[in-house]
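Protein chains in written order, with this note's numbering: chain A, 24 to 430; chain B, 24 to 430; chain C, 24 to 430.
Among these hints, one or two may not hold up.
[As the list claims (entries may be wrong)] Calculated lysine-lysine pairs in the BS3-like style (CA-CA distance at most 25 Å, straight line):
1. A:Lys296 x A:Lys280
2. C:Lys296 x C:Lys280
3. A:Lys280 x B:Lys74
4. C:Lys280 x A:Lys74
5. C:Lys405 x B:Lys280
6. A:Lys280 x A:Lys366
7. A:Lys366 x A:Lys405
8. C:Lys74 x C:Lys280
9. B:Lys296 x C:Lys218
10. A:Lys74 x C:Lys74
11. B:Lys74 x B:Lys296
12. C:Lys218 x C:Lys280
13. A:Lys405 x A:Lys296
14. B:Lys366 x B:Lys298
15. B:Lys74 x A:Lys296
16. A:Lys74 x A:Lys366
17. A:Lys280 x A:Lys298
18. C:Lys74 x C:Lys298
To be clear, the hints were calculated from the coordinates, so they are not data collected in a lab.
Since we're looking at a predicted model, the values are computed, not measured.
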Amino acid sequence: PAAGPTVAAAPPPSAGASGASVGAKVAKAASAIKIRGYTQLRVNEIVSGDKTAPDGQSRLRSVQDGSIGSDTNFFIRRARIVLQGDLGHGVSFYLQPDFASAVNSQSAGERRDNFVQLRDAYVDVALDKAERFKLRFGQSKVPFGWENLQSSSNRVPLDRTDAINSAVPSERDLGIIAYYTPARVQEIWDELEEKDQKLFGNYGAFAFGVFNGQGVNRQERNDSLMAVVMGTWPMRLDGIGLDGQVLEIGGSLLYNKVRPEIRSGGVSDGNFKEKRAVVHAILYPQPFGIQTEWTFGRAPVYDTAIEAIEIDDATGGYVMAMYRVPDFGAGRVIPYVRWERYKGGWKGALNVPRLDTNDIELGVEWTPVKPLEFTFAYARMKRAEADERRAGIAEGDVLRAQLQWNY
Amino acid sequence: PAAGPTVAAAPPPSAGASGASVGAKVAKAASAIKIRGYTQLRVNEIVSGDKTAPDGQSRLRSVQDGSIGSDTNFFIRRARIVLQGDLGHGVSFYLQPDFASAVNSQSAGERRDNFVQLRDAYVDVALDKAERFKLRFGQSKVPFGWENLQSSSNRVPLDRTDAINSAVPSERDLGIIAYYTPARVQEIWDELEEKDQKLFGNYGAFAFGVFNGQGVNRQERNDSLMAVVMGTWPMRLDGIGLDGQVLEIGGSLLYNKVRPEIRSGGVSDGNFKEKRAVVHAILYPQPFGIQTEWTFGRAPVYDTAIEAIEIDDATGGYVMAMYRVPDFGAGRVIPYVRWERYKGGWKGALNVPRLDTNDIELGVEWTPVKPLEFTFAYARMKRAEADERRAGIAEGDVLRAQLQWNY
Amino acid sequence: PAAGPTVAAAPPPSAGASGASVGAKVAKAASAIKIRGYTQLRVNEIVSGDKTAPDGQSRLRSVQDGSIGSDTNFFIRRARIVLQGDLGHGVSFYLQPDFASAVNSQSAGERRDNFVQLRDAYVDVALDKAERFKLRFGQSKVPFGWENLQSSSNRVPLDRTDAINSAVPSERDLGIIAYYTPARVQEIWDELEEKDQKLFGNYGAFAFGVFNGQGVNRQERNDSLMAVVMGTWPMRLDGIGLDGQVLEIGGSLLYNKVRPEIRSGGVSDGNFKEKRAVVHAILYPQPFGIQTEWTFGRAPVYDTAIEAIEIDDATGGYVMAMYRVPDFGAGRVIPYVRWERYKGGWKGALNVPRLDTNDIELGVEWTPVKPLEFTFAYARMKRAEADERRAGIAEGDVLRAQLQWNY
């Protein structure tokens with residue numbers, strides 16, 4: 024939907040001439056690369072609670088934000104650039120690196136921050152003229168969990184929830200997805216977008232995908248593929264007297280075999296089966312909104328009793344209420360409150376430690392001018408640390424602040 | 024040769040004013056940065072043969088494609104962005120990172136994929152008005168082997184051959200090159216490009232370069248430089264009754280001293296001398312083409328008998344036939360068959376293991392629309408694994424597929 | 024101050040519509056991303072002196088240039104791209120990665136070069152209409168030392184000096200800075216820039232900032248912040264008969280607590296206090312210039328007597344004379360001579376080794392055409408190696424050459 028002028032791309036190596044000889048269909052290709060992005064600068068302060076703890080006991084930490092802890096100050100959570108473009112013939116591409124990826128084991132064993140690593144690299148190929156049905160090839164978001172699909176630049180709270188994110192830490196994987204979006208769904212989404220609602224992005228209403236399933240930017244370690252199916256459906260509530268309101272409901276299923284990384288080095292010898300379901304319901308904030316997702320599943324988790332990874336329940340979700348404050352001349356203001364709960368493994372970390380999360384966060388997102396978004400939040404956290412060598416639940420109060428700039 | 028609009032670059036720090044004071048020659052500089060790139064998504068499946076093997080014995084693996092093996096699925100082989108521009112005064116620059124570079128020894132000793140690392144970073148300075156003679160400074164391709172110089176986005180088969188690539192794994196190094204292109208050569212190349220032929224890129228017909236010689240993105244480890252000289256000459260065959268056909272022949276010589284990385288850590292104490300020659304002949308496909316290169320040399324290789332690196336023969340090459348199917352309305356189609364052979368060391372790997380490669384690959388490249396290229400291939404491979412601790416030859420049949428998108 | 028056309032950025036995800044609903048202030052935002060950069064290719068040759076030394080004794084090495092040593096040839100010192108843009112509402116952003124960052128502990132324990140890592144990622148928010156007073160959030164240069172603030176692409180000599188750079192190796196950190204520039208200062212700087220003078224960049228005349236203080240792209244390791252205050256003031260010397268000449272004087276103060284990385288792994292258990300002051304005076308070269316900075320402080324340094332890090336003096340500075348050769352039709356030529364001295368710790372290296380630097384460098388920067396800058400230099404160096412396990416001072420003569428291309 025970009026209206027402005029765009030960055031013209033140089034033609035691929037032999038573009039100038041190729042067209043002439045391989046026919047009009049090939050010749051018409053023309054690419055235009057657009058550049059945009061955003062950066063998030065954060066500060067978290069544990070104002071009371073288990074900032075530190077003895078060995079063997081959980082400290083207050085979050086798998087969603089490495090700067091919640093002791094000895095932390097400013098932190099770049101994300102620094103992204105997106106290169107994207109319509110390549111003609113119903114083909115478009117998307118390439119998004121992150122400029123805030125750490126590399127471990129550098130000088131003195133310390134990590135170095137802010138290396139550049141890929142997040143997305145995919146191409147969309149539309150199979151019909153209206154571009155309702157398309158195939159996506161490459162690295163992209165896994166269609167499991169509405170919250171996972173929505174860009175962090177659009178999410179109102181600072182972090183995703185452990186429950187919904189536990190299926191696909193970092194949200195992405197490498198594979199092929201088929202997306203389909205009926206015209207009536209697209210129409211409602213377009214209408215919401217015009218009202219400045221925060222949608223979940225350019226994903227279809229229905230999706231089926233297969234992926235490596237080992238986690239983004241990790242080496243595939245088995246021959247099996249992860250399969251994911253998703254559906255979501257926005258509905259106008261005019262019929263029940265709520266004129267202009269829209270409710271969106273849907274869900275996903277995921278089946279995977281994974282070899283988690285283990286503390287003794289490398290990955291587990293055998294595969295662990297993972298079966299998960301998630302459902303979502305969103306009443307878009309006009310001005311009052313409510314959003315909830317819940318996930319159920321069986322997935323790997325470290326069992327401290329037997330000192331090994333086994334399969335167990337992975338269950339949790341969140342409920343969030345938010346309010347779009349009517350325009351009063353100082354930008355957009357959205358206060359929110361969210362409760363989240365999760366009990367289950369976290370496969371992104373060594374040995375798939377068991378999480379036991381029970382957080383409440385109150386916050387407000389303030390967008391004084393388009394390029395700047397401030398978020399301030401207070402969180403009451405109860406969490407198991409994502410380390411199977413530490414037991415129990417840590418508690419505490421955390422003050423949180425973020426400045427996001429969009430370019 | 025880009026005709027379209029270009030991305031205008033911001034002037035360098037003090038550009039606006041500098042011109043005025045340092046004279047017209049400096050003032051005329053104007054830069055325009057163009058962006059383009061391509062990504063390759065791959066799947067390989069060993070359908071029969073030595074997918075695995077006991078310790079000490081070769082498994083079917085390729086130094087050209089890390090996703091040929093067991094426990095593999097989707098794989099991003101390359102994700103590239105090129106920034107390039109004409110800076111005026113006969114000066115132009117080229118900067119190409121790859122978004123699919125691995126970093127080793129991360130969590131649990133596992134690697135993390137898809138970090139961004141430099142491939143090319145060079146500046147060309149033309150010494151004459153017609154820009155036939157130019158100096159290239161920086162990191163760029165080493166002019167040894169026609170196949171090495173041709174971009175992977177233009178190559179018909181999926182991979183380069185072990186023999187030709189063994190001299191310069193990853194094709195690049197850091198140094199200075201002088202290129203010269205006679206007008207009559209440029210004229211033939213321009214004509215071929217207009218016919219959508221896949222050339223070897225913006226390298227001259229004659230080249231002489233000096234480089235660090237330790238391998239791209241590796242630390243220089245001796246005081247000596249690698250020297251390379253190249254010549255290539257396209258000839259019209261109209262005179263012998265083959266109207267419109269073009270044959271290109273040429274070759275390169277390389278002299279180097281290198282300190283290979285060794286399994287016990289670091290690099291070898293002493294230098295190993297490397298002397299290589301390569302010759303090529305290409306009949307451009309109009310519509311039937313044939314392409315062959317052969318290399319001869321003496322270079323380091325691990326000798327399992329004496330358990331040390333020594334100097335031995337490095338010999339091999341390939342013959343490829345291809346056919347440009349006349350336009351039938353479904354894009355460009357190029358079937359090909361290639362046989363390759365190599366016996367010699369692979370200095371890109373620890374301890375310079377001995378390769379013994381004997382592959383036949385049948386495939387087809389299909390470009391339905393300009394931005395998309397599908398390649399499907401069947402390969403019958405016989406290969407020694409690039410690991411001096413594994414002996415013998417592995418064999419097998421591999422089905423291969425790649426989707427490349429150009430932007 | 025870029026006048027040319029710019030790269031138009033795609034609007035952020037929901038841009039098209041957002042404006043309409045959150046009021047005119049938000050709606051007016053418009054972003055335009057500009058791209059520029061530069062690359063530096065270097066060669067250093069120690070022509071006489073302590074190129075090598077026995078264990079325990081200093082070799083001739085520099086913390087400023089890793090390619091001064093034995094077994095070195097070509098080296099990419101910096102390869103930078105800047106993305107920047109005015110985002111409207113007095114908001115602008117700046118994102119600069121470096122394409123020449125090494126990653127250690129890769130194959131055979133060897134490093135791999137030329138990965139991409141962030142240098143700057145900040146947003147400027149002007150608090151007044153004239154944009155004299157602004158807040159900078161994110162990763163950016165620490166306002167300590169005129170030389171540290173000036174871009175390497177603008178500096179006449181090849182490297183910064185150890186003394187001034189020792190406070191902030193790599194010059195940057197993560198934090199928040201307030202900048203203020205009075206109109207009379209801006210006016211003089213604009214005038215100098217029009218005369219093609221090399222200024223120190225878009226930093227204010229007065230600054231106060233707080234930062235993590237652990238060093239750029241390193242994990243914060245304590246709860247305290249580094250505080251820095253700076254002032255600089257350009258003055259016309261017309262009043263004392265030096266018509267058109269400008270003298271700029273100023274200085275900075277820095278207070279920090281840091282946990283240096285130690286050889287046994289990780290960082291020091293306790294904090295080390297760091298207090299530094301620096302003063303500068305620059306007579307801009309019209310055509311003869313002189314530039315000097317001196318720093319005094321107490322900072323951590325390894326004491327070989329007690330085999331531990333302690334607090335000691337960190338003192339040094341430089342004097343540089345330069346001359347802008349009047350235009351003679353072959354571009355801009357600036358010969359220079361610089362003497363530098365430093366005694367104190369280098370916190371960027373393991374165990375904060377003690378430096379004892381006493382260098383003289385004679386050189387010339389030649390800009391034949393705008394995009395190309397050649398620098399040739401001869402240096403007489405006396406230096407302690409930045410390794411607490413090596414004692415004494417190494418001496419030697421070094422020939423140095425650099426080609427920088429600007430795009």
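Against the structure, the hints:
1. A:Lys296 x A:Lys280: Distance of about 5 Å is within 25 Å: holds.
2. C:Lys296 x C:Lys280: Judged against 25 Å, a Cα distance of about 5 Å means the pair holds.
3. A:Lys280 x B:Lys74: Holds, at about 20 Å.
4. C:Lys280 x A:Lys74: 20 Å, holds
5. C:Lys405 x B:Lys280: 31 Å, violated
6. A:Lys280 x A:Lys366: With Cα atoms ~20 Å apart, Lys280 (chain A) and Lys366 (chain A) stay inside 25 Å; holds.
7. A:Lys366 x A:Lys405: At roughly 12 Å apart (the allowed maximum being 25 Å), Lys405 (chain A) and Lys366 (chain A) satisfy the hint.
8. C:Lys74 x C:Lys280: Violated - the C-alpha atoms of Lys280 (chain C) and Lys74 (chain C) are around 36 Å apart, more than 25 Å.
9. B:Lys296 x C:Lys218: 53 Å, violated
10. A:Lys74 x C:Lys74: 50 Å, violated
11. B:Lys74 x B:Lys296: With a Cα-Cα distance of about 35 Å, the restraint between Lys74 (chain B) and Lys296 (chain B) is violated, given a limit of 25 Å.
12. C:Lys218 x C:Lys280: Not OK: Lys218 (chain C) and Lys280 (chain C) at ~41 Å, beyond 25 Å, violated.
13. A:Lys405 x A:Lys296: With a Cα-Cα distance of about 28 Å, the restraint between Lys405 (chain A) and Lys296 (chain A) is violated, given a limit of 25 Å.
14. B:Lys366 x B:Lys298: 15 Å, holds
15. B:Lys74 x A:Lys296: 24 Å, holds
16. A:Lys74 x A:Lys366: 22 Å, holds
17. A:Lys280 x A:Lys298: 9 Å, holds
18. C:Lys74 x C:Lys298: 34 Å, violated
Of the numbered hints listed earlier, those contradicted by the structure are 5, 8, 9, 10, 11, 12, 13, 18.
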